[in-house]
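A.B. asks: Residue numbers (UniProt numbering), protein chains in the order written: chain E, 1 to 229; chain S, 1 to 229.
If you are wondering where the hints come from, they were derived from the structure by calculation, not from laboratory data. Possibly wrong hints are sitting among the right ones.
Repeated chains share a single entry, so a pair holds when one copy, or any two copies, can fit it.
Keeping only pairs whose Cα atoms sit at most 27 Å apart, straight-line, the calculated BS3-like set for lysine-lysine is [what the hints assert, rightly or not]:
(1) 177 x 46
(2) 104 x 145
(3) 48 x 69
(4) 131 x 162
(5) 206 x 69
(6) 145 x 22
(7) 173 x 26
(8) 162 x 123
(9) 26 x 206
Protein chains: 2
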Amino acid sequence: MDETIRILVVEDDDDINKLLCKIIKKSNYKPQPAYSGTEALIYLEKQKYDLVLLDLMLPGMNGEKILAKIREQGTIPVIIISAKNEKETKIHSLRSGADDFISKPFDVDEVSARIDSVLRRYKESNIAHKKVLTHKDIHLDLETKTVHVNGEEIALTVREYKILTLLMTSPKKIFSKANLFESVWGEIYHGDDNTVNVHVSNLRNKLAKANPNEEYIETIWGMGYRMKS
Amino acid sequence: MDETIRILVVEDDDDINKLLCKIIKKSNYKPQPAYSGTEALIYLEKQKYDLVLLDLMLPGMNGEKILAKIREQGTIPVIIISAKNEKETKIHSLRSGADDFISKPFDVDEVSARIDSVLRRYKESNIAHKKVLTHKDIHLDLETKTVHVNGEEIALTVREYKILTLLMTSPKKIFSKANLFESVWGEIYHGDDNTVNVHVSNLRNKLAKANPNEEYIETIWGMGYRMKS
DNA sequence: GAAAGGCTTAAGACAAACCTTAAGAAAAAC
DNA sequence: GTTTTTCTTAAGGTTTGTCTTAAGCCTTTC
Chain E
1 MDETIRILVV
11 EDDDDINKLL
21 CKIIKKSNYK
31 PQPAYSGTEA
41 LIYLEKQKYD
51 LVLLDLMLPG
61 MNGEKILAKI
71 REQGTIPVII
81 ISAKNEKETK
91 IHSLRSGADD
101 FISKPFDVDE
111 VSARIDSVLR
121 RYKESNIAHK
131 KVLTHKDIHL
141 DLETKTVHVN
151 GEEIALTVRE
161 YKILTLLMTS
171 PKKIFSKANL
181 FESVWGEIYH
191 GDDNTVNVHV
201 SNLRNKLAKA
211 NPNEEYIETI
221 WGMGYRMKS
Chain S
1 MDETIRILVV
11 EDDDDINKLL
21 CKIIKKSNYK
31 PQPAYSGTEA
41 LIYLEKQKYD
51 LVLLDLMLPG
61 MNGEKILAKI
71 REQGTIPVII
81 ISAKNEKETK
91 IHSLRSGADD
101 FISKPFDVDE
111 VSARIDSVLR
121 RYKESNIAHK
131 KVLTHKDIHL
141 DLETKTVHVN
151 GEEIALTVRE
161 YKILTLLMTS
171 PKKIFSKANL
181 FESVWGEIYH
191 GDDNTVNVHV
201 SNLRNKLAKA
211 NPNEEYIETI
221 WGMGYRMKS
């Protein structure tokens, strides 16, 4: 698993950029320098970052636009770095979604502390609503709607995904077919319907393909299905 | 024990009301017709109902007000019946706490299915709240539908599970075979039937396998079964 | 203590629930 | 408008649960 924390440093001044990267390295995070707004966007598309340090005064595309772009597509924390130390700028930055604000010239230790602080805050709130359901070696990410089994991603259809999600929210609970059907399909269950069976069967197939040595879904005769513990 | 399921039918049109009552009777529930909003409220105060079928267009007091009243004082499930088949009405009804929505003209079978569905949902969520029945070292979890004896989980069939559940809800009560049969099977008991005996026997076997040093189910000669204290 | 009736248990026939597969229908993507 | 994916339906086969039967055991009654 990749636990490296990546930080994107968007700052056109070469010296300041290097200094920031040095501070970051010292804290055992991995910095990625970017010297313009457009360059920053390229990195952001290629790779997931845990934090962005962003100078407001930039060539190519100004910092505020970058910030808006970042906010459009996700929830990466952003620390603004600015020479304009006016209250106005600060308030405006925070309002547009920045997580913290550092003004130039800055104190090295303070930058380090603020980075840690923001990362800690995000980690906590992410854990709180990071919704990844796990059972045995199945990892179901509710946010990205992806399922990994035995390390590899498997492709599920919407129905299969919903069935698995439901089962995994209460791994010990037995779900009756009526319950499954009405939860997943949102329609009335009219008894003696083979549809759920087929989808469960297909789901089992895909899971088994990813890991043939394990059984995941258990049939409880006359009652329904549940995760096998 | 009174197991009758009572359904209040609030509908001013005489024919439709009668039709609904007929459908309900066919499913072995007990309908109570009411022809106005105020009449409905009187019944609701006198008696506990398991479900309300509610027409939105009513003399006396309109359906939405009735719905609000019902929601004020409890959690009886409500199915709305309406001639206005606009999405708006449907969404609004569901938002104000209705459990389902049927538009006129309705299909007889569909009404029947929806009634069953809503009752089933309510039953499940009600049961789930009751959590876990315990007797000696038997732990019966109503939500996950699992039974643990002496620390280990034992696998029961539906019949066995239902028998055990019934016995454990009133551990001191003696359940006659007729009572057991009619509760578990939902059919009339016609005497001289060995079926209950066999299932109790199998159930005892499974319990004894998990803990050979304990007896759980007691035979009361000529009367029935109960949990041994 | 023998007879009668109720209870237990085991085995096998049967039925119901379930699984898999494949093909056609429907929906989504291109 | 065509291709691809996904969903549903139906059929045949498998597994598991249920019910019946029947033999034997236990409790009560006379």
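A.B. asks: Does each hint hold? Answer for all of them.
C.D. replies: To see whether the hints hold, each was checked on the structure:
Within a single copy, residue 177 and residue 46 get their C-alpha atoms no closer than 33 Å, and across copies no closer than 36 Å, so neither meets the 27 Å cut-off. Taking the shortest alpha-carbon separations for residue 104 and residue 145, neither the intra-copy value of 38 Å nor the inter-copy value of 39 Å comes in at or below 27 Å. For a Cα distance limit of 27 Å, the shortest separation of residue 48 from residue 69 inside one copy, 14 Å, qualifies, whereas the shortest one across copies, 52 Å, does not. In the homo-oligomer, the alpha carbons of residue 131 and residue 162 lie at most 27 Å apart both inside one protomer (14 Å) and across protomers (26 Å), since each shortest distance falls under that limit.
Taking CA atoms no more than 27 Å apart as the test, residue 206 paired with residue 69 passes in neither setting, with 37 Å inside one copy and 49 Å between copies. In the homo-oligomer, the alpha carbons of residue 145 and residue 22 never lie at most 27 Å apart, since the shortest distance is 34 Å inside one protomer and 46 Å across protomers. Proximity of residue 173 to residue 26 under the C-alpha cut-off of 27 Å is found in neither arrangement, the shortest distances being 32 Å within a copy and 32 Å between copies. Both within a single protomer and between protomers do residue 162 and residue 123 lie at most 27 Å apart by alpha-carbon distance, with minima of 14 Å and 23 Å respectively.
Within a single copy, residue 26 and residue 206 get their C-alpha atoms no closer than 38 Å, and across copies no closer than 43 Å, so neither meets the 27 Å cut-off.
When the structure is compared with the earlier hints, violations turn up for hints 1, 2, 5, 6, 7 and 9 and for no others.
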